[in-house]
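K.L.:
Following the hints, put chain B in place on chain A, whose structure we already have.
What follows is each chain in one-letter form.
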Amino acid sequence: MELPETQLAVLEAASATEARTIDRLAADTGYEPEAVTGAAFGLEEAGLLDIEADTEIELVVSDEGDRYRHEGLPEVRLYQAATAAEADPVPISEAIGAAGLDGPEVDIALANFARKGYGEIDEGAITVEPDADPAADPEAAALDAIATGDATPAEEVRNRLVERGLVERIEHTRRRVQVTDEGVTALMSGIEAESAVGQVTPELLTSSEWQDAEFAEYNVEAAADQTPPGRVHVLRAIAERVKEVLVGMGFQEMQGPHVDADFWINDCLFMPQDHPARTHWDRFAMSVPTAIDSLPEDLLKRVERAHREGVGEDGDGYHSPWDEDFARALALRGHTTSLSTRYLSGEAIGEIDPPARFFSVEKAYRNDTLDATHLLEFFQIEGWVMAEDLSVRDLMGTFEEFYAQFGIHDIEFKPHYNPYTEPSFELFGEHPETGEMIEIGNSGIFREEMLQPLGVDADVMAWGLALERLAMLLTGADDIRDLHGTLADIDFLRTAEVTY
Amino acid sequence: MPVVDIDPDELRRLTGTDKDDDELLDDLFALGLEFEGRTDDDAFELEFAPDRLDRLSVEGIARSLRYQYGQDRGVYVPNLNDPEWTIEVDATVPDERPYVTGAVIRGVNLDEEGLESLIQLQEKLHATMGRGRAKGAIGIHDLTMLKGERLTDDSGGSRIRYTGVDPDGDTFVPLDADAEMTPQQVLEEHPIGDKYASIVAEYDVMPAIYDELGLFSFPPVINGARTEVTTNSRELFVEMTGTDQWTIDHMLAIVCYALDARGATVEAVTVDYDDANAGEYAGTQLERPDLSVRTKTVTHDRIETMLGVDLDPEEVIDLAERAGLDAERVDTDDGLVYDVRVPPYRVDVLHPVDVIDDLGRAFGFNELTPRYPDVSTVGKRHERSRLEEAVRTTLVGMGFEDTLNFHMSNEANTFERMRLPIPVPGEFDRTDNTVEIADWRGAHAERSVSEDVVGVAVPPTIKEPYSEEYTILRTWALPSLLMVLERNTHRTYPQDLAEIGLVAGVDPTENTGVAEWRSVAGVLARHDASYEDARGRLQALTQAFGVDLATPATEHPSFIDGRAADVVIDGTVAGVVGEFHPAVLVEHDLEVPVVGFELELSALR
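Sequence lines, in order, name chains A and B.
First residue of the first sequence: 1, per this note's numbering; consecutive thereafter.
First residue of the second sequence: 1001, per this note's numbering; consecutive thereafter.
In case anyone wonders, no lab produced these hints; they're calculated from the structure.
All C-beta atoms in this analysis are idealised placements derived from N, C-alpha and C, irrespective of residue type, glycine included.
Please note that the accuracy of each hint is not assured.
Here are some chain B residues pointing at chain A (derived, C-beta under 8 Å) [as the list claims (entries may be wrong)]:
1. P1050
2. Q1185
3. Y1203
4. F1365
5. L1368
6. S1376
7. T1394
8. G1397
9. L1404
10. P1465
11. V1484
12. R1491
Stretch-level coverage of chain A by chain B, calculated; a stretch enters the list once three of its residues show a Cβ under 8 Å from a Cβ in chain B [stated by the list, open to error]:
13. 100-113
14. 154-168
Okay, the calculated bits of chain B under chain A, using three or more residues with CB under 8 Å as the criterion [to be verified]:
15. 1290-1297
16. 1560-1574
Isolated chain A, as found in the complex (with noise of 0.2 Å):
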């Protein structure tokens, strides 16, 4: 029998009866790594070798997590320091200052102090919930256990300590291989390195040696090693994907800042500013920079009379407070729909005149739990189309085209409600594979609260939905993290399937 040398080496280099690994059989050959791998793969292939591959996942306390396993969880410090404080409420600065808070902490401690309920924080004082018990807090007991290794905690407070980057998932993978019964047989009759021609090489061409060669024969069916694919990421994919079906439809595409106004963002949505979604924990509000220098003087006071009074005759406004200070206050777009309120406008690109169609896949940020279904940052699908006279028909015969490009028909129409649409429809469609009704979007005719500020004198009908939504659809992903972010893992990225 016949062998290429490496492979001679690595099946002699094995132990019928141990499993080694990859590494102790470079070390022993004096190959790559890389090397003995494709030679054990090819051993496999003729039943010389066989391979055990093990992924191992591990819990590993991070530096930020290990440090509040000595110094106590932010929140759990700030609770203590604020129920051994005398004064009840505790101004804020006096409960961070005798919890040695300091920094990024800070943050972090009133962001999950309220999550946890362990009190509230208003108006810069604190005032502690006397039921909570944050001695029996169950995420600082379970980064004890990852620690210590002790015991495995429950998978909600462990993803949890995973979101909060206090744990981290490390995963392995280890190849062992053994001689089979085969190989030893093969190895006891005797096994000689291959003689012949393994590589053309440029001598065998340039003399005539090759006329005699014999080539050694390959294994034509074993799989391959891989090389690293070049290639777009699937999400991308899926945005170019609709991007190019938006265009098809006559959509033009908008771009416009991230960190904008909330003046963009809400104001001129007909949002009120005490709308619960335009509270602190759902808007990532800037503390730098603050606030837009100038805004269009005009626009501003329409919008705010159409917030104050309504529009029309008999329009009534909200009876809500009015804060130029709040308008101007810059945050990261919850939604994107603040490029359609810049370009209704005539702010991004001058005056448009009816008919039009618009369109953005942009990202769009919400201050909220990350979860398997939820980022912090995501795309919207955004898109509007601006008429003389549309109707709810127009609606949804534009939708239903849209999603029939992505396999997906019979969309449902749920009336709904949004403040800054009117009808206003969620919008429902059979998941391709499941059958199961999903929404899949959010969609109306915008108010006239909303287009006579902005000075658009037509129909305007839009709707939204997350890229991610559609992608999770078309790809069967079940985990949004993995598509998307720095926690990606480069595997589910080299072998997703392509989107076309």
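P.N.:
Same frame as chain A, but now just chain B:
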């Protein structure tokens, strides 16, 4: 979105139907109320969009169902008896909370379900329209426990007083307590007081309501125990205080409709505002509740164009009545219009378009046939988006794996782990055309770096981050790629990664104060990676886009000295290329050499 708990038997009784649970749930879904599950008591948990706040109680949902079933038609307004009671609003009421409204309810039969429903309605109204009691707070009292002071005008009426009291100025026994407390003690010691203390934290005096016997309610925090409502209460005094008269009047209307549905009689109350009141009704008298019906004028043409169907006027009137509205046909010079009457509980109707939505719902939106609009427009992408795509295709052709990373990051990942000091922003000055860095902090603060170094910029910073991982917008993209490498050390090499994505820096010359641009970044991680590999890819890229590349040596702490260069495109510095410093690699748990480059996308135009 609000969720209400509804006892299905109670719903059947108030609606007058014997449909089974499944049929009811279907009908509720048609109204937009989604079944979320059942409570421990087997009640429906129903979720709906926060427009129809009149549906926050079983009475309101029953009313909607009766319209849906055609058992009721048109606008209904409860009968309102003349006022006997007056709420006198005196000059000392806190300026921050000047408004009050009220109603007397007589002959109410509150069984357990009725009382529970009333409490739920109160809580849900607090959470929605009342904005957590800050904008409007409801107090419901047993009228028979009140002793009204005699009015001085000999009308025989009684009065209670809405006034301001020093935080320690008086005492009463609040609900869920067995001792007298001052308002201040309630805020500090009572669990409910504790919860709402923030609303009145800045008030000089506390809102208070008195009858002849003394203090009996401390809005918006808590009522007194004396006037507590029980299943034995037959007569109620409902008062609401707040920061806006319209809001509390409409919360009151919703409560009055709910109690009217249980057979109670609503009696008006006079609200008598002192001249010195901080609100807009100072010196006037209002009669409340305000159950007046508003009118919206809707044109026939608009109804047809918006729904996309032709309708007879009779049909429109019929649809309106089925929606609980009344439409009166008016022929004008401009064509056919309808004066549509809207009942006071419909707080969501702001504009005639809201009436059209109601007509559409009554018609059944899913009855409409979709049609593709006959509107022709030209589609196109903007230039940056096309350029980005072309660069991405080129990079992928060179074997780069395209990645997609978060724009948000933190200072450790963006600066410290890359051996950069963290810039501390100086005075944010709109007149100054440079971004001033006042100081440096962090582990590498002692390192003196040029402010021109790629990656060094004051990062746009988030005020209240959810996590320590996401506190700023990244100022450059290479740190994100190193983090992806860090996460994937167990995966097959080579790992050649690229990203075209947003980066940003504080810039006072921008209107938003933030300069945002797309950056092209690439890394090559392999056992034999060298500076030349990065320079080679960069060369191919710039050649493909027809721009001139020069790479004069530079100093950048993230790279090995002598192996880093500025990326100069057509004479302008646009980025950096180099071999990463071993300290950066070790920091990212990497055991192979890594080289990389980053440049502004616009430099390739």
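K.L.:
Run every hint past the structure and note whether it holds.
P.N.:
The hints, checked one at a time:
1. P1050: Hint on P1050(B): holds, closest Cβ of chain A at ~7 Å, below 8 Å.
2. Q1185: Interface hint status for Q1185(B): violated (12 Å vs cutoff 8 Å).
3. Y1203: Interface hint status for Y1203(B): violated (12 Å vs cutoff 8 Å).
4. F1365: holds (6 Å)
5. L1368: With a closest approach of 5 Å, the L1368(B) hint holds.
6. S1376: Interface hint status for S1376(B): holds (7 Å vs cutoff 8 Å).
7. T1394: violated (10 Å)
8. G1397: holds (7 Å)
9. L1404: holds (5 Å)
10. P1465: It holds, given that the least Cβ distance between P1465(B) and chain A is near 5 Å, below 8 Å.
11. V1484: This hint holds: V1484(B) lies near chain A, its Cβ roughly 5 Å from the closest one there, short of 8 Å.
12. R1491: Interface hint status for R1491(B): holds (5 Å vs cutoff 8 Å).
13. 100-113: That given contact holds, which follows from 6 residues of the region 100-113 of chain A lying within Cβ reach (below 8 Å) of chain B.
14. 154-168: holds (count 3)
15. 1290-1297: holds (count 4)
16. 1560-1574: With 0 residues close enough to chain A, the hint is violated.
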